[in-house]
Amino acid sequence: ILNVEQSPQSLHVQEGDSTNFTCSFPSSNFYALHWYRWETAKSPEALFVMTLNGDEKKKGRISATLNTKEGYSYLYIKGSQPEDSATYLCALSGGTSYGKLTFGQGTILTVHP
Amino acid sequence: EAGVAQSPRYKIIEKRQSVAFWCNPISGHATLYWYQQILGQGPKLLIQFQNNGVVDDSQLPKDRFSAERLKGVDSTLKIQPAKLEDSAVYLCASSLKGQVWYEQYFGPGTRLTVT
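Chains as they are written, first to last, in our numbering: chain A, 1 to 113; chain B, 1 to 115.
To be clear, the hints were calculated from the coordinates, so they are not data collected in a lab. Positions of the beta carbon are idealized from the N, C-alpha and C atoms, including for glycine. A hint or two may mislead.
[What the hints assert, rightly or not] Just a sample of chain B residues kept apart from chain A, beta carbon distances all over 12 Å, derived: (1) R9; (2) K11; (3) Q37; (4) Q41; (5) K44; (6) S66; (7) G72; (8) K78; (9) S87; (10) V89.
[As the list claims (entries may be wrong)] Straight-line Cα separation of at most 25 Å, BS3-like style, residue types lysine-lysine; simulated pairs: (11) A/K42 <-> B/K44; (12) A/K57 <-> B/K83; (13) B/K15 <-> B/K71; (14) B/K97 <-> B/K71; (15) B/K44 <-> B/K83; (16) B/K15 <-> B/K97; (17) A/K78 <-> A/K58; (18) A/K58 <-> B/K11; (19) B/K15 <-> B/K83; (20) A/K42 <-> B/K62; (21) A/K69 <-> A/K42; (22) B/K62 <-> B/K83; (23) A/K42 <-> B/K97; (24) B/K78 <-> B/K44; (25) A/K57 <-> A/K69.
[Stated by the list, open to error] Listed next, with one range per pair, are the computed distances between beta-carbon atoms: (26) A/K78 <-> B/D63: 47 to 53 Å; (27) B/I38 <-> A/E56: 31 to 37 Å; (28) A/S18 <-> B/S66: 43 to 49 Å; (29) A/Q9 <-> B/E85: 18 to 24 Å; (30) A/G16 <-> B/E85: 38 to 44 Å; (31) B/E103 <-> A/Y76: 41 to 47 Å.
Isolated chain B (complex conformation) (with noise of 0.2 Å):
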């Protein structure tokens, strides 16, 4: 079975420019989720859909930041304009259903810097 695949693995930047960032979840997964992970925290979460309709976006500081889910398949996650502070990890995640005990299967990370 295919993992979470993301791209690009590290994106360097600088402030006020924009990037955007991809996923391709499991197949068969209904639950997307986005997590920014700062260095030295935990990873917070920034939004998640359950197929294409956003179930959590409480996090998502939309002035800058932006996300789809298209088809209820892949994802871009997109923040225009950077700043600094948008340094992090930025880790896509999927689940067969958005319920509590299921296993989250995380994608290999967008490692982003702002200059």
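Just chain A, same shape as in the assembly (with noise of 0.2 Å):
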């Protein structure tokens, strides 16, 4: 059973502020690593999916890095928004998938205006 982790669990910002969560996982049977943002009340969206140890990904203000020998991967946000206010979720393709994806908990993220 994979298990994957997310820290924190919630952050308060100030508009402008830039801030990261991190996401942790087992190093072995790793296939892709997925981020998604979800807002209340919307799909959640999907932000990146990485497969390579080193990726890096960046889309707009927010990017993220993967290091798969030591099983995590780092999701920052650059001079954060009110609108960027919603749940991070990491989840983990691995072991016997055909595409199953192990979410962590989430990262909840409040902007402050």
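Join these two chains into a complex; the hints should help.
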């Protein structure tokens, strides 16, 4: 059974602050790491899919890095805006997978104006 | 491109009642997933379909939950009878293929409250 851990559980920042979250996972049986953003009452939105050790991806003010050898991924948000307020989920594809995602519990980000 | 559609968006039922959720995936997507997200936890896979066949239902409580995917397109998830602990958001997702690097597209979910 894969165990995916996210920290912190929740985070409050001021508009303009930069912030980052951590996703930890077992380094064995790794296939792909997914990051999603889930705003209240909306569909979870895919941010990144990363498969290679050392992968770095960027989408606007959001970027992510992946270290498969030590089993972690960081998500960075530069210059947070109130519209970045959401739950950020990471999920792992691994083991006997047919695409099944094992999610962490999420990090709830609140950006105050 | 239309996204994944789900209905209803919200449902409140009493324990021991039955409920059904519907999902229409993105056109052409062979793989369909149902996830259950309980408050404070990450989504957990209940069942995965590849076309109209079941690939993984190892975490589906089969004594009360059932799911089908008609003609490899739409899917329904049913709970009968519901328990208090079934209160959760039920998410449907689809992907072009059921492989680890393919992006999964999610619907808005159905929020179920069992009283």
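(Q) So if I understand the rule, the pair passes when the alpha-carbon distance is 25 Å or less; does A/K78 with A/K58 pass? (A) holds, 11 Å
(Q) With the threshold set at 25 Å, check whether the alpha-carbon distance from A/K42 to B/K44 stays at or below it. (A) Within the cut-off at roughly 18 Å; holds.
(Q) Between the alpha carbons of A/K57 and B/K83, is the straight-line distance 25 Å or under? (A) violated, 42 Å
Q) Between B/K62 and B/K83, does the CA-CA distance stay at or below 25 Å? A) holds, 13 Å
**Q.** Outside-interface status for B/K11 - nearest CB in chain A farther than 12 Å
**A.** Non-interface label on B/K11 holds, nearest chain A Cβ at 15 Å vs cutoff 12 Å.
**Q.** Satisfaction of hint between B/K44 and B/K78, Cα-Cα up to 25 Å
**A.** Holds, at about 16 Å.
Q: Quick one: work out the minimum CB distance from B/Q41 to chain A and report holds if it exceeds 12 Å, violated otherwise.
A: violated, 6 Å
**Q.** Pairwise hint evaluation, B/K97 against A/K42, where the allowed Cα distance is 25 Å at most
**A.** Within the cut-off at roughly 24 Å; holds.
Q.
Does B/K78 clear chain A by more than 12 Å, comparing its Cβ with all Cβ atoms of that chain?
A. holds, 21 Å
Q. When you take the CB atoms of B/E103 and A/Y76, is the distance between them in 41 to 47 Å?
A. Because 21 Å falls outside the window, the suggested range is violated.
**Q.** Least C-beta distance from B/R9 to chain A larger than 12 Å
**A.** violated, 8 Å
Q: Given the hint that B/K15 pairs with B/K83, test it: the Cα-Cα distance must not exceed 25 Å.
A: Within the cut-off at roughly 5 Å; holds.
Consistency with the previously given hints fails for numbers 1, 3, 4, 5, 10, 12, 13, 16, 18, 20, 21 and 31, ordered from lowest to highest.
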